[in-house]
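K.L.:
Kindly generate the complete structure, drawing on both the sequences and the hints.
Chains A and B are the protein sequences, given in the same order. Be aware that the first sequence starts at 323, since it is given in our numbering, and climbs by one per residue. Be aware that the second sequence starts at 323, since it is given in our numbering, and climbs by one per residue.
If you're looking for bench data, these hints aren't it; they were derived computationally from the structure. Given the structure is predicted, the values throughout are model-derived calculations rather than measurements. Certain hints may be false.
The list treats identical chains as one, so a pair stands whether inside a single copy or across any two.
Unchecked claim - Okay, derived cross-link-like pairs now, SDA-like style, lysine to any residue, Cα gap no bigger than 25 angstroms in a straight line: (1) Lys-375 to Thr-492; (2) Lys-375 to Val-327; (3) Lys-375 to Val-441; (4) Lys-375 to Gln-347; (5) Lys-375 to Arg-408; (6) Lys-375 to Gly-489; (7) Lys-375 to Val-394; (8) Lys-375 to Leu-421; (9) Lys-375 to His-329; (10) Lys-375 to Arg-442; (11) Lys-375 to Asp-427; (12) Lys-375 to Val-385; (13) Lys-375 to Ala-399; (14) Lys-375 to Ser-364; (15) Lys-375 to Gly-362; (16) Lys-375 to Arg-332; (17) Lys-375 to Gln-330; (18) Lys-375 to Thr-334; (19) Lys-375 to Leu-354; (20) Lys-375 to Asp-346; (21) Lys-375 to Thr-447; (22) Lys-375 to Ala-458.
Protein chains: 2
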Amino acid sequence: MPKKVDHQQRRTLIADALMRVAADQGLEAVSLRHVATEAGVSAGMVQHYFRTKDEMMAFALSVVRERSQIRVTEAVARLGEAPAPRLLLRTIIAALLPLDAHTRDDGRVALAFLAYTAVRPTAATGLREGTAQLTAFVASVLPTNDVSAAAGLLALMEGLGVYLLGGQYTAEQALDALDAQLDLLFGTPATA
Amino acid sequence: MPKKVDHQQRRTLIADALMRVAADQGLEAVSLRHVATEAGVSAGMVQHYFRTKDEMMAFALSVVRERSQIRVTEAVARLGEAPAPRLLLRTIIAALLPLDAHTRDDGRVALAFLAYTAVRPTAATGLREGTAQLTAFVASVLPTNDVSAAAGLLALMEGLGVYLLGGQYTAEQALDALDAQLDLLFGTPATA
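P.N.:
See the structure below:
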């Protein structure tokens, strides 16, 4: 006998399919029909869970964000109690950068979503709140507590992500740039 | 009597239409037919100049890049002879940021293209060369000549562009973050 359908599970199945389509072929290939085929369900089923492409996109991004948060939490947990501020920031940012195959797939979806929200600013409300919260947190960890320096560090992280996905920077170049920035913010490693 | 068709002019007319479609409705709305309608020409005409969407995208990006270069050249020319390195970098980066309506439209196209190349890395060859050249130039202007610091500054610029387009940062916040970064790289204004 079929058990009760787990709606959250099915939404996630469909969102995963969307992300595979977006990661393989780009956002412009994402359609209800294409996602249904990839998920192995009917187009009607997809429409039952997501009335519009916007809804589906927003849900996919929320899945990506949730996974990022889990990665950050796990990486920070591995640092043990009371890590040094510089190491804490480096660990968080490295966990958010698209440095391996998994995070690259998520990064492509996030970048596609950013390009999407650039023409539909209302879809970016959640992003704005997330960025504001992260800026305040980073500022609280910096020696200067400077909000503009924190905003700059987050922008640097975002730009490194874009350049990693586009192949302009290698993983090594991106991490070197991150370390150079932390040198500027915290003083060189010898004094940190 | 109709004069000889100016092919470059017609390609630019079509690329402009593509950019209006991409800026208004996002990259996924860009199709040969849609662009033809916007440009007021036939779909066959568009196909005569651009065999594929990839070709059309690459040409549109080259138009955006050309316009950026003109903006940078003009802004630098206004500085007069031998500007201070810090002022030179600030002027170049500010000219490249999407701070007004015109540059925002171009920025949306560039961001859409970045999302596009993240799934088609071969399309990004030109971008990679451009970024490498710009990194070398920025390093030559920095007091430390440090390539990683230069790579970080460019990533920060790219991230500021993304956050400006998504509305996460206001123009003022983005310029404050840029100035904070230049303080870090050149010392505070009092010592610059």
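K.L.:
Going through the numbered hints above, which ones does this structure break? Give me the numbers in ascending order.
P.N.:
1, 5, 7, 8, 13 and 22
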